Amino acid sequence: MDFALYHILTQQLSPSPDLSLVKQGQLLPEEWPVVLEKISTFRKKVQFFTITDGKTPLICYSSVPDLYNRITATELGTIIHLLGARTVFDQQHRCYVLHIEDFVTLKQYDEHLRRIREAEARRLADLADEMAEYHRTHRD
Numbered sequence: 412m413d414f415a416l417y418h419i420l421t422q423q424l425s426p427s428p429d430l431s432l433v434k435q436g437q438l439l440p441e442e443w444p445v446v447l448e449k450i451s452t453f454r455k456k457v458q459f460f461t462i463t464d465g466k467t468p469l470i471c472y473s474s475v476p477d478l479y480n481r482i483t484a485t486e487l488g489t490i491i492h493l494l495g496a497r498t499v500f501d502q503q504h505r506c507y508v509l510h511i512e513d514f515v516t517l518k519q520y521d522e523h524l525r526r527i528r529e530a531e532a533r534r535l536a537d538l539a540d541e542m543a544e545y546h547r548t549h550r551d
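Just so you know, we're using the working numbering here: the sequence shown kicks off at 412 and counts up by one.
Each hint should be verified, as a subset may be incorrect.
[What the hints assert, rightly or not] Below, simulated BS3-like cross-link-like pairs (lysine-lysine); rule was C-alpha separation at most 30 Å, straight line:
#1 Lys449 / Lys518
#2 Lys456 / Lys434
#3 Lys518 / Lys456
Hints are computed from structural coordinates only; laboratory data are not their basis.
Since this is a predicted model, take the numbers as computed values, not measurements.
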């Protein structure tokens, strides 16, 4: 795995992503890029996959039906962003694992951010309209 691009990306983030700091119940920040390191299968079904920041690996599980199909279609070594990644301590593996809802590749992440920003801008515009309407009706 070539981590050159990954290191360039993480140098632009403050604080820099560090999977060793992940604690119980914490949501992994979506802006943290990670690298898809390994996919573990049993009888041609994905059991879990592993991500890394170049230093610390983390095991990922999901209850989302098509997520494992999408992860197997993703090349190992791809930089991804995990969405809705909550950490729990796994007794069986004696380590922290992530339960994730979704992921996007680096290429898809800009589009994901654009949709979030547009939704927030719409929400703020609607709120401004409601406040203006409230002030207009209560002024009289």
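Now for the hints, and whether the structure bears them out:
no.	hint	result
1	Lys449 / Lys518	holds, 20 Å
2	Lys456 / Lys434	holds, 28 Å
3	Lys518 / Lys456	holds, 26 Å
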